[in-house]
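Novice: So the chains spell out like this:
Number of protein chains: 2
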Amino acid sequence: MTSQLQTAMEGLIEVFHSYSGKEGDKYKLSKLELKSLLQGELADFLAASKDPRVVDKIFADLDENKDGEVDFQEFVVLVAALTVACNEFFIGCHEKLTGTTQWLMGG
Amino acid sequence: MTSQLQTAMEGLIEVFHSYSGKEGDKYKLSKLELKSLLQGELADFLAASKDPRVVDKIFADLDENKDGEVDFQEFVVLVAALTVACNEFFIGCHEKLTGTTQWLMGG
Chain A
1 MTSQLQTAME
11 GLIEVFHSYS
21 GKEGDKYKLS
31 KLELKSLLQG
41 ELADFLAASK
51 DPRVVDKIFA
61 DLDENKDGEV
71 DFQEFVVLVA
81 ALTVACNEFF
91 IGCHEKLTGT
101 TQWLMGG
Chain B
1 MTSQLQTAME
11 GLIEVFHSYS
21 GKEGDKYKLS
31 KLELKSLLQG
41 ELADFLAASK
51 DPRVVDKIFA
61 DLDENKDGEV
71 DFQEFVVLVA
81 ALTVACNEFF
91 IGCHEKLTGT
101 TQWLMGG
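Going down the list, the sequences are from chains A and B. If you number the first sequence the way the working numbering does, the last residue is 107 and the count never jumps. If you number the second sequence the way the working numbering does, the last residue is 107 and the count never jumps.
Keep in mind the hints are simulated off the structure, nothing from the lab. One thing to keep in mind: the hints can contain errors.
With a cut-off of at most 25 Å between alpha-carbon atoms, the simulated BS3-like pairs for lysine-lysine come out as follows [as the list claims (entries may be wrong)]:
(1) A/Lys-96 <-> B/Lys-96
(2) A/Lys-96 <-> B/Lys-28
(3) A/Lys-66 <-> A/Lys-31
(4) B/Lys-96 <-> A/Lys-26
(5) B/Lys-57 <-> B/Lys-35
(6) B/Lys-66 <-> B/Lys-22
(7) B/Lys-50 <-> B/Lys-26
(8) A/Lys-31 <-> A/Lys-50
(9) A/Lys-57 <-> A/Lys-31
(10) A/Lys-96 <-> B/Lys-22
(11) A/Lys-22 <-> A/Lys-57
(12) A/Lys-57 <-> A/Lys-96
(13) B/Lys-66 <-> B/Lys-96
(14) A/Lys-57 <-> A/Lys-35
(15) A/Lys-22 <-> A/Lys-35
(16) B/Lys-96 <-> A/Lys-22
(17) B/Lys-96 <-> A/Lys-28
(18) A/Lys-50 <-> A/Lys-35
Just a sample of chain A residues kept apart from chain B, beta carbon distances all over 10 Å, derived [to be verified]:
(19) Ser-30
(20) Ala-47
(21) Glu-64
(22) Lys-66
Every value quoted in this text rests on a predicted model; they were computed, and no experiment measured them. Think of the CB as a built atom: it goes at the ideal place given N, C-alpha and C, for glycine as much as any other residue.
So here's chain A without its partners, still in its complex pose:
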């Protein structure tokens, strides 16, 4: 049986390849493929940015070896950073909620 962690890891690989196979090197994201991935998978995150050059900036940041494409290892850096940020947000919310509950309970 596949564990929750394995499912999540498989999900990351599947998502990457469902976009990377569209043009050029099928195992790397072109800028157009990255844009399509961000729009399809992280639309809220993209919408939250007011910067019209956000995709260009993310692409330039991720393409560490400057080969004009983002490979899976470079993509995972983005996912890791976003997931850490989400986790910190989650902990912040949880702490606030716990604090409010304790306050309401007179604790």
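Chain A is fixed; fit chain B onto it per the hints.
Specialist: Below, chain B without anything else, positioned relative to chain A:
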């Protein structure tokens, strides 16, 4: 609607907290919690290692700030490394399969 990438990221956060909450700091993994996570989520990976000290070694590697616990950011490093390795394995298999198919088709 939640995208596949968001689902995968949520999965990583959920898995971490389902183990980190058992003892000590509820937002960090103790060595016992990490061991439990590896056994529960990555049993095949753990079984593939013949080294009885594998958990100790992974824990020491991940605990970058040496506080005796593994936080989410440290955990994500392990997940990223494993996922990159899985992806490379997947690409290797896919290339072999494509090569074999082409050979069978006389291509």
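Novice: Can you name, in rising order, the numbers of the hints this structure does not satisfy?
Specialist: The structure conflicts with hints 1, 7, 12, 13, although it agrees with all the remaining ones.
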